[in-house]
Structure formats: structure tokens, C-alpha cells
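Q: Now for the letters of each chain:
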Amino acid sequence: MEQYNQGNLVVSSSPHIFDNVDTSNIMRDVIIALIPAFIMSGVIFGMRAIALTIVCAAACVIFEALYNYILKKENTVSDLSAVVTGVLLAFNLPASLPFWMAIIGCFVAIVIVKQLFGGIGQNFVNPAITARIVLLISFATPMTTWPLPKKYLGMVDAVTGPTPLGVIAMGSDDLPSKMDMFLGFIGGSLGETSTIALLIGGIYLIVRKVIEPTIPVAFIATVFVFAIATGNDPIFHLCAGGVILGAFFMATDYTTSPLTTKGKIIFGIGCGLLTMIIRLYGSYPEGVSYAILLMNILTPHIDNLTRTNVYGGVKNE
Amino acid sequence: MNKLDLLKNGIIKENPVLVLLLGTCPTLAVTTTAINGLGMGVSTMAVLICSNIVISILKNIIPDKVRIPCYIVVIAGFVTLVSFLLQAYAPEVNESLGLFIPLIVVNCIILGRAEMFANKNKVIDAAFDGLGMGLGFTLALFIMGSVREILGSGAWMGIVLTANLIEPMSIFMLAPGAFFTFGCLVAFINYITKGRAIKKKEMGCEGCPTAAACAKIEEGGCE
Chain H
1 MEQYNQGNLV VSSSPHIFDN VDTSNIMRDV IIALIPAFIM SGVIFGMRAI
51 ALTIVCAAAC VIFEALYNYI LKKENTVSDL SAVVTGVLLA FNLPASLPFW
101 MAIIGCFVAI VIVKQLFGGI GQNFVNPAIT ARIVLLISFA TPMTTWPLPK
151 KYLGMVDAVT GPTPLGVIAM GSDDLPSKMD MFLGFIGGSL GETSTIALLI
201 GGIYLIVRKV IEPTIPVAFI ATVFVFAIAT GNDPIFHLCA GGVILGAFFM
251 ATDYTTSPLT TKGKIIFGIG CGLLTMIIRL YGSYPEGVSY AILLMNILTP
301 HIDNLTRTNV YGGVKNE
Chain G
318 MNKLDLLKNG IIKENPVLVL LLGTCPTLAV TTTAINGLGM GVSTMAVLIC
368 SNIVISILKN IIPDKVRIPC YIVVIAGFVT LVSFLLQAYA PEVNESLGLF
418 IPLIVVNCII LGRAEMFANK NKVIDAAFDG LGMGLGFTLA LFIMGSVREI
468 LGSGAWMGIV LTANLIEPMS IFMLAPGAFF TFGCLVAFIN YITKGRAIKK
518 KEMGCEGCPT AAACAKIEEG GCE
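Taken in order, these protein sequences are the chains called H and G. Going by our numbering, the first sequence opens with residue 1, and the numbers climb by one from there. Going by our numbering, the second sequence opens with residue 318, and the numbers climb by one from there.
Since the hints were made in silico from the structure, they are not lab data.
Below 30 angstroms or equal to it, Euclidean Cα-Cα: the simulated DSS-like pairs (lysine-lysine) are:
hint, chain 1, residue 1, chain 2, residue 2
1, H, Lys209, H, Lys262
2, G, Lys439, G, Lys330
3, G, Lys511, G, Lys330
4, G, Lys376, G, Lys325
5, G, Lys439, G, Lys382
6, G, Lys511, H, Lys73
7, H, Lys72, G, Lys511
8, G, Lys330, H, Lys72
9, G, Lys437, G, Lys320
Start from the sequences and build out the full structure, keeping to the hints where you can.
A: Now the structure itself:
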């Protein structure tokens with residue numbers, strides 16, 4: 001905004017409210033909100049999970065800096081969005097994934113999904129989700145080999161097992177206890193298992209007004225209701241898999257979610273429905289990432305359908 | 318235009334796949350390996366050269382009103398010929414290309430060249446145009462197939478390159494990888510020709526497949 005300083009007087013055009021909310025502050029809050037889950041991932045899966053998260057964050061920052069440098073664009077590393085993308089991507093990967101595969105994922109997220117479409121605020125789908133899906137399709141075996149939590153293994157970390165959703169998909173009922181699922185001592189992507197840590201982070205974001213609770217509430221409520229309606233355990237479906245991580249941290253991405261409250265409710269319900277449909281009737285055990293990706297693509301249409309009238313404006317015919 | 322220009326035209330400046338964006342269906346569907354891309358490209362090139370020659374010979378005999386059915390009959394004849402030849406001498410390629418060999422009949426590159434070039438040029442020119450366009454198509458498919466085979470299965474022309482040590486990215490064998498490779502190649506061609514490759518405007522309305530249904534034809538063409 002243009003400003004003219006005339007001694008003690010500041011002359012500027014409206015709006016006159018100044019706030020320190022900018023991209024890097026928002027992203028800093030998101031990073032703070034991700035710290036509990038980050039610590040829990042270390043507790044649950046050991047140093048490998050911490051190392052993978054750091055590698056992903058660093059790779060994303062480096063790709064962003066390199067892209068900006070090669071294309072002679074303004075360096076956008078300092079807005080911290082690349083760090084958030086990297087951490088979120090790592091949270092969606094199994095802790096045992098080879099580093100080079102994770103780095104390919106970072107390339108997809110930052111260069112292909114984000115920068116090629118114009119950088120921050122221009123991507124049409126969530127970079128971390130898309131990168132996860134690209135990796136899942138490309139490297140099916142390593143991406144679905146879930147290391148078991150340390151708690152069950154002593155110090156051996158070479159043993160793997162299915163996620164609770166995988167157990168269900170295989171028709172078994174050898175499920176972990178509710179408490180283990182709530183705390184996160186289950187197989188799964190390294191950042192998605194600990195429901196309690198993600199809830200703390202999510203509530204922090206809502207309190208800091210970084211995200212509105214609309215999408216997470218609609219998403220989680222839909223999963224809950226759908227599980228009850230189809231005779232499944234609703235608590236199980238919330239704590240197993242990536243619903244909480246997806247609802248608070250992925251589906252609420254500003255760029256790829258609708259602007260209006262009505263649109264956000266539709267978006268959240270759509271995510272929840274697709275997640276449960278894929279989980280219960282699809283061939284994949286988990287569907288959060290596909291659900292969010294599909295709803296990301298529908299976002300412009302939802303925005304069009306829920307466009308509000310300008311105050312005092314004439315209703316469109 | 319001399320013969321060499323006609324030949325070069327199809328390879329870069331008017332590359333049927335990467336510049337005119339014709340024939341994308343076989344380009345995306347069959348290029349899972351370099352050898353498939355090559356097989357499809359050569360088959361299409363053979364049909365293209367032959368149909369260009371015949372249509373150029375018959376250009377004064379074919380009545381204007383029924384020219385499209387006539388071209389299709391000529392093209393379909395050569396496709397049947399190529400199909401039988403493949404079945405006899407390259408059964409493996411024929412197997413992996415499958416339905417896409419008969420579908421060369423409706424390949425819009427061949428019909429496009431008949432309509433744009435062969436029916437108003439001399440026989441020799443038409444043959445060279447077919448050769449150039451066919452080479453461009455083959456080259457594009459071969460490069461697509463090579464990239465996808467190397468990244469998607471760690472091999473090239475059936476020879477394993479990575480000694481199975483590195484897991485290949487199987488997404489390149491699927492449709493998303495095909496679109497990604499295609500996009501990168503189009504961008505690359507645009508980069509090396511510095512955007513000077515043929516524009517829609519230069520192609521003119523007679524070369525445009527949607528000319529019949531286009532509202533801008535009275536305004537003298539596209540922007």
C-alpha cells in the first residue's frame with residue numbers, strides 16, 4: 001500500500017487497519033501446530049521419522065530456492081510455506097521410506113504442483129497430498145510398508161505391519177486398543193497416527209484464527225455419521241488413518257479450499273463422504289488423500305455455486 | 318518449398334504431435350516402451366506416405382463433396398495392409414499395439430495431411446510431406462516411449478539399465494506419467510523453437526479440423 005509520511009501524520013488510502021498477519025506468520029503458526037505431532041512421531045517411530053521430516057523440509061526449501069534462482073524470480077523461501085509443505089509431506093509417508101523417494105516427492109510437491117502453476121496461492125491442488133499420491137502410485141510397495149511403533153518392538157525397527165485400516169481391509173479383527181490409537185502407537189504414516197497431538201495442533205490453529213473450524217468439523221462429523229450409519233465404529237474411523245491430519249492441516253489449505261462458509265461445509269462433507277466411501281467400498285484401505293485431492297479439484301466449482309451477493313448488489317438472474 | 322524443407326517441416330516446425338497436437342491418443346496410449354513408440358510411429362508413417370501419394374494422384378478424380386469418405390477408404394486400405402504385414406513379420410509389436418493399429422484409420426494426422434497437403438500438391442511433394450510428418454511422429458513417439466520406459470521401468474529398448482537396484486517410478490507407465498512427459502516435450506519444443514513454431518493463424522481455416530463448426534470463419538480466422 002502506498003504511504004506518505006508527513007511528519008507525525010501518515011497518509012494512506014483505505015483500508016487503514018494494519019496487522020502483522022502475513023504468509024510467513026501464518027506458516028510459522030502452522031509449523032508450531034505441527035510440533036506436537038512431530039515429537040510424537042519421534043516417540044512412536046524413532047529417529048528415522050525425525051530424520052525423514054527434516055530431509056523433506058530441507059529438500060522442499062532447496063527446490064523452492066533453486067526454482068526461483070533458475071527462473072530469476074523473487075526468492076520466496078522466507079515465507080516458510082515450503083517448510084510446511086515438506087513437513088506435511090513427510091507426515092504422510094511411512095517412516096521407513098528411502099530418502100531419495102521422499103526427495104522425489106518434494107520435487108513433485110514444490111516444482112510441479114506449486115511453482116509450475118505460479119507459486120504460492122496459485123496451486124490448484126494441495127502439493128503435499130499430490131506428492132503423496134504420486135509416490136503411492138509410483139512406489140507402491142515401500143509406500144505401504146508401515147513400520148510398527150517402537151513400543152511393541154523393543155529397539156528393533158525392521159519389523160513392519162499393516163495399519164489398523166489395513167487390518168480391517170484384510171478382514172481381520174486383531175485391532176490395537178482405543179487408547180493406543182488415540183495416542184498414536186499404531187502403524188501408519190509417521191505424522192498421522194497420534195490423534196491427540198494433531199488435535200492439540202488443530203485447536204492451536206483455530207485459537208490463533210489461522211484456520212476456521214468449518215472444514216475440519218464438517219469433515220470429521222461426516223466421517224463420524226457415515227461410520228455410524230454403516231454400522232462401523234466411528235471412533236475407530238477417526239483415530240485410524242489420516243482423517244485428523246487431513247481435516248486440520250490439509251483440507252484447510254487456503255488456496256485449495258472454498259472461500260465461503262457454505263462452500264466450506266460442502267467441501268468438508270465431500271471430503272468425509274469420499275474418505276468413507278473409499279475406505280469401506282474401495283480397494284485402497286485409506287482414502288483421505290484421494291478425497292481431499294478430488295475436493296481440491298472441485299473447489300472452483302463450489303466457489304462458483306456458493307458465490308455470495310455483494311452487500312447492496314442486485315441478485316443475479 | 319524444396320524437398321528438404323518439406324522433410325524438415327514435419328520434424329520440428331510443424332511436428333504433428335508436439336506442435337500441431339494431432340494424434341495425441343496413440344501418443345499417450347502406446348508409448349509405454351520405446352519399441353512400442355517406434356512400432357506405432359513406423360506403421361503410421363508407412364500409411365501416411367502411401368495415402369499421401371495415392372490421394373495426391375487421385376486429387377482431380379475425387380469429387381469434392383465426398384472427399385472425406387474417399388480418403389478414409391484409401392487410408393483404411395493401407396492400414397489393413399500394414400496390419401497384415403505386422404501380424405506376419407512383427408507379431409510381438411502387433412500384440413502390444415493391439416487395437417491401436419486398426420485405429421490408425423482414424424488418426425487425424427493422416428486425414429489432416431490428406432486434407433491440408435496431399436489434395437493440393439504434386440505427388441512427389443506429397444510423398445516427402447508424408448515422410449517428414451511420419452518421421453516427426455515417429456521421433457516424438459520414440460522419445461516419449463524412451464523417457465517413459467527409462468523412468469517407468471528402468472529399461473530402454475528392453476535392456477535393463479538400473480540392474481534392478483533402483484525402484485522405477487511406475488507412475489510413468491500410467492496415464493498421469495504419459496501426460497506429464499507429453500507436457501514436458503511440448504514445452505521443450507516450444508523452448509527450442511522460441512515459440513516460433515507454426516501458429517494456428519498461419520495454418521489457416523482450411524487446415525483447421527473444426528472449421529465447419531467455427532463461428533470465426535467469416536471473420537477470416539482465429540486471433
